[in-house]
Amino acid sequence: MKRTFLGEFEEVVLLTVAILDEGAYGVTVTQEIEQKTGRAVGFSTVHTTLQRLEEKGFLASHMGGATAERGGRRKRFFTITAAGRKALAEVKQTREQLWNALPPETLQLMV
Amino acid sequence: MPQAPSPMHYTPPRFATWLLELFGHPDTGEEVQGDLLELYVYWVATVGKRKADWRYSWSVLKLLRPLAGSSKKEQYTPPFSLGPAMLLNYFKIAYRNLLNNKGFSVINITGLALGIACSIVLFLFILDELNFDAFNKKASQTYRLYVHSSINNEEANNAKTAPPAGPTLVQMLPEVLTQTRIGYFGGHELRYKDKIFRENRIYTADSTYFDVFTLPFIHGDPSIALKNPNSIVLTETMARKYFGQENPTGKSLLVDGTNLYQITGVMNDFPDKSHFHCDFLLSMSTYPEVNQQNWLQGNYSTYIVLKAGVDPTRVERKMKQAVLGRLGPDLEKALGFSMQQFLANGNVFEYRMQPLLSIYLHAKRQYNIDPNTEWGGARIGDSVYVYIFSVVALFILLIAVINFVNLSTARSEKRAKEVGIRKAIGSSRLKLMGQFTTESILLTGLSVLVALFLVQLMLPGFNQIIGRQLTLPLFTHAYTIPALLAFTLIVGLLAGSYPAFFLSSFRPVEVLKSGVQKRKSSIRSLLVITQFSISITLILGMIIIRNQLGYLQHKDLGFNKEHLLSINNAAALGDKLKPFKAELLKNPAILSVSNTSLLFANGIPGSGYLFGKRSGSDPVLCQYLDVDADFVKTFAVPLKAGRFFSNDRLADSTAVVINEAALHAFNTNSPLDHELTEVDVNGSKTYRIIGVINDFNYESLHRQVRPLVFHLSPVRQAASILTIRIQPNATKNAINYIEETWQRFEKTDQCHYSFLDERLARLYEAEQKTSIIATVFSALAIFIACLGLFGLAVFITEQRTKEIGIRKVLGASIAEILFLLSRQFIAWVAIAILIASPIAWYAMSQWLDNFAYRVDISWWVFVLAAFLAIGIALLTVSFQSIKAALANPIKSLRSE
Chain S
1 MKRTFLGEFE EVVLLTVAIL DEGAYGVTVT QEIEQKTGRA VGFSTVHTTL QRLEEKGFLA
61 SHMGGATAER GGRRKRFFTI TAAGRKALAE VKQTREQLWN ALPPETLQLM V
Chain V
1001 MPQAPSPMHY TPPRFATWLL ELFGHPDTGE EVQGDLLELY VYWVATVGKR KADWRYSWSV
1061 LKLLRPLAGS SKKEQYTPPF SLGPAMLLNY FKIAYRNLLN NKGFSVINIT GLALGIACSI
1121 VLFLFILDEL NFDAFNKKAS QTYRLYVHSS INNEEANNAK TAPPAGPTLV QMLPEVLTQT
1181 RIGYFGGHEL RYKDKIFREN RIYTADSTYF DVFTLPFIHG DPSIALKNPN SIVLTETMAR
1241 KYFGQENPTG KSLLVDGTNL YQITGVMNDF PDKSHFHCDF LLSMSTYPEV NQQNWLQGNY
1301 STYIVLKAGV DPTRVERKMK QAVLGRLGPD LEKALGFSMQ QFLANGNVFE YRMQPLLSIY
1361 LHAKRQYNID PNTEWGGARI GDSVYVYIFS VVALFILLIA VINFVNLSTA RSEKRAKEVG
1421 IRKAIGSSRL KLMGQFTTES ILLTGLSVLV ALFLVQLMLP GFNQIIGRQL TLPLFTHAYT
1481 IPALLAFTLI VGLLAGSYPA FFLSSFRPVE VLKSGVQKRK SSIRSLLVIT QFSISITLIL
1541 GMIIIRNQLG YLQHKDLGFN KEHLLSINNA AALGDKLKPF KAELLKNPAI LSVSNTSLLF
1601 ANGIPGSGYL FGKRSGSDPV LCQYLDVDAD FVKTFAVPLK AGRFFSNDRL ADSTAVVINE
1661 AALHAFNTNS PLDHELTEVD VNGSKTYRII GVINDFNYES LHRQVRPLVF HLSPVRQAAS
1721 ILTIRIQPNA TKNAINYIEE TWQRFEKTDQ CHYSFLDERL ARLYEAEQKT SIIATVFSAL
1781 AIFIACLGLF GLAVFITEQR TKEIGIRKVL GASIAEILFL LSRQFIAWVA IAILIASPIA
1841 WYAMSQWLDN FAYRVDISWW VFVLAAFLAI GIALLTVSFQ SIKAALANPI KSLRSE
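Here the protein sequences come in this chain order: S and V.
Just so you know, we're using the numbering used here here: the first sequence kicks off at 1 and counts up by one.
Just so you know, we're using the numbering used here here: the second sequence kicks off at 1001 and counts up by one.
Pulled out of the complex, with its shape left as it was, chain S reads as follows (with noise of 0.2 Å):
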């Protein structure tokens, strides 16, 4: 099986929508990442993330009711699919192999 390549920023997206759960949509999504990582993201490279994170499968979507708020236009609800689960585990794995892999050392160094 092709090995799909996880970016970081896709992976910090996935993960917050991750960590979203149920209300995972563009706005959250942005808020979420602002505060939980302190850097300032643009709504455009989040969405444009959801999108692809979407097209590769690791995102599934679905259209909520109706609002009352932002003109009544609907929004856009993210989970994460099997698939995106998977790929988040492999990244902390490979993550923790490496981690793991370090000199006693050169860790005492970095901590």
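In short, the hints are calculated from the structure, not lab data.
Being a predicted model, the structure only gives us computed values, none of them experimental.
Misleading hints may appear alongside valid ones.
Here are the simulated DMTMM-like pairs of lysine to aspartate or glutamate, each with C-alpha atoms no more than 20 Å apart in a straight line [as the list claims (entries may be wrong)]:
id, chain 1, residue 1, chain 2, residue 2
1, V, K1051, S, E34
2, S, K56, V, D1027
3, V, K1049, S, D21
4, V, K1193, V, E1246
5, S, K86, S, D21
6, V, K1062, S, E10
7, V, K1062, S, E34
8, V, K1102, V, E1316
9, V, K1417, V, D1027
Position chain V relative to chain S; hints supplied.
Relative to chain S, chain V alone:
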């Protein structure tokens, strides 16, 4: 609950929002716009309006995907609008609609079917007219020569050419493949064993005839059939007439009891669509005198075939030169002065070419060839009638289509709910248009089927009127069914597109909530006005045609045409003509008898005449009649000056009488005792003018009276006619006596007599036919228009039922309500009259210009047409409006 000033009150930059709406990715438009709006509120709250605006715009800019199209499939795929399920639904709805509104359906289908049937019939006729002579294999390379002359500014075209013309061209011009000449042989008695008939359709032709014209042989070989002298070829019908089932080749026919002609072939009967028809073809080589070089005579029709790919205009130019060289000397000899001088005086005498395919339809109009210069065997059509009938066919179709459009839009209210629901469920406008168009195509298809049936009913009658054998080649012709399908599609689209456009434009919310707003449909008025303009134009045309025909019938022709009987085959009597005449005069019921050459027909011969001494003056073209001394007495034509021929003056054989038109043409006041010279290469003959006769119409009234010269001479036999004036009250007695006397004198031939006024009427056969066809089709057109009007009336009164009820309750009288309901229709028709009158006036003036003697289009014609149209419209509408006006208002008001 008190509300804090909310950032919701700020709106993001409008321009950016607009950009996003327009150029954002269509698939994610909704949520992106929503998300951004939400974020904007958040940004305004957290970083202030200015920064929020900035971030908003920046995000929008980065999100623009101006080239993106919607690539994602929606979750629910709507059925393909032409898929089987949807089509089935369209059909079902169409079918239910048909059944639900039986009245409208019947009106719609009848109107359309009638319109389509009429246009199919007319189209078949037009197609038939356009395909004349096309059966010849080399039709497109074949040309007929004709002589164009302009002498003293008197233009003439003559389809009869000099005998050496054809052979000379083949010799001199390499572009000319072959030629053939056809000459009329006259009426003769043919005999085989005990079978004797007098035949009138015998022609002589060159041996190359069958190289030019394609006519398969049943027996014999076409390439040599007409080679030897005294050979004759006959048609299948004639072969059967003389020989039964036997093969006649090798046998001989005895002509006039003296000459034996050997039958060398039997050809198929001439196709119906040939401009030339005959029964017998005689070999030209029987008459070697044809080959003498006389360029002024004009007895033969010459057809030439050009090599493929040759430019005919170049050949024509070369031909003019070639002919001029040959013709010049003859002309000089006859006129007595040189060709150069003749041409320098502005005169023209030249040979030209006319395509074979244009002979039938265009000989008369474009080539201006007088039917008089064709032989009796040529059929002449008229391109104008093709145009007229095309226009009528289109008009009728248009009226029918308009009916459809009007009724469909008028009924829109009933379909509005359907449209609303379909749209609410998710149908797009395009799909609705598709549905309505499908429906109209379906209805058209149904109408076409009915129309095909109607065509079969109409064709026999139509054929009888026009004298054709038109059939609808439904299965025998490969193109018919595809053409009909295409026709159905086009008419269906034409009729269905506006209703589809109109109906699909309804907004579901409005329609479902309150129904269609009643609006004045200006398009509908326009269409009804168009319909009635067309109908009124047709009515006007019909009245004017009838008017003109009546005028032709009753016009004073300059002689007394009542109680005249003519025997057309008097030539059969031969030498016994004189005693026969004497015998007839013995009966007191017969007042006088005159023997003349061809009269009141096409083909009265003419010749060039020089007035006075030969002084180099240009010749005047005059027609001539051979008559006997009793002419004036029989026809009762008054003399203007001098005297008529007399039996007891011998010198009268070199005397002539001219008519007034000739007098004007000679430009003189005192013609008596002047000399008149008939121009001829073989020695011109000079006559003395002894009298002038009043102008009388000896040809159809399409022409002015032309210069005419009377000769007293033994009547040329082929066309001699006996005209008999009988006692007004003794018709039966006279006819019996004539027939009885004829039988004593002539055994083989029947006596063919007719009343002169009947013969005169036959001069206008084409016009009579047009009149009948015009009457029938305008009646149909008006009927179709009335169907539509009736439908509209039903609909409109239905719509106003409540209004009428209330008006009646409030005290309106029946007359007032009738006026209320009819007012609109009368207005429509009135406007239509204003539009139609000038159009009809113009068109009919053009038609009347065909006649030298014509009626003026007077104002009462328009008044009559107006009354007719308004009358018909009112009659159509009144049925409904009277019903509505008489109805009890309780009925209409109770239902609320």
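Against the structure, the hints:
1. V:K1051 - S:E34: Holds, at about 16 Å.
2. S:K56 - V:D1027: 17 Å, holds
3. V:K1049 - S:D21: With Cα atoms ~31 Å apart, K1049 of chain V and D21 of chain S exceed 20 Å; violated.
4. V:K1193 - V:E1246: 13 Å, holds
5. S:K86 - S:D21: Measuring from Cα to Cα gives roughly 16 Å; hence the hint holds.
6. V:K1062 - S:E10: 18 Å, holds
7. V:K1062 - S:E34: 19 Å, holds
8. V:K1102 - V:E1316: Status violated; Cα separation ~65 Å.
9. V:K1417 - V:D1027: 31 Å, violated
Violated hints for the displayed structure, listed by number in ascending order: 3, 8 and 9.
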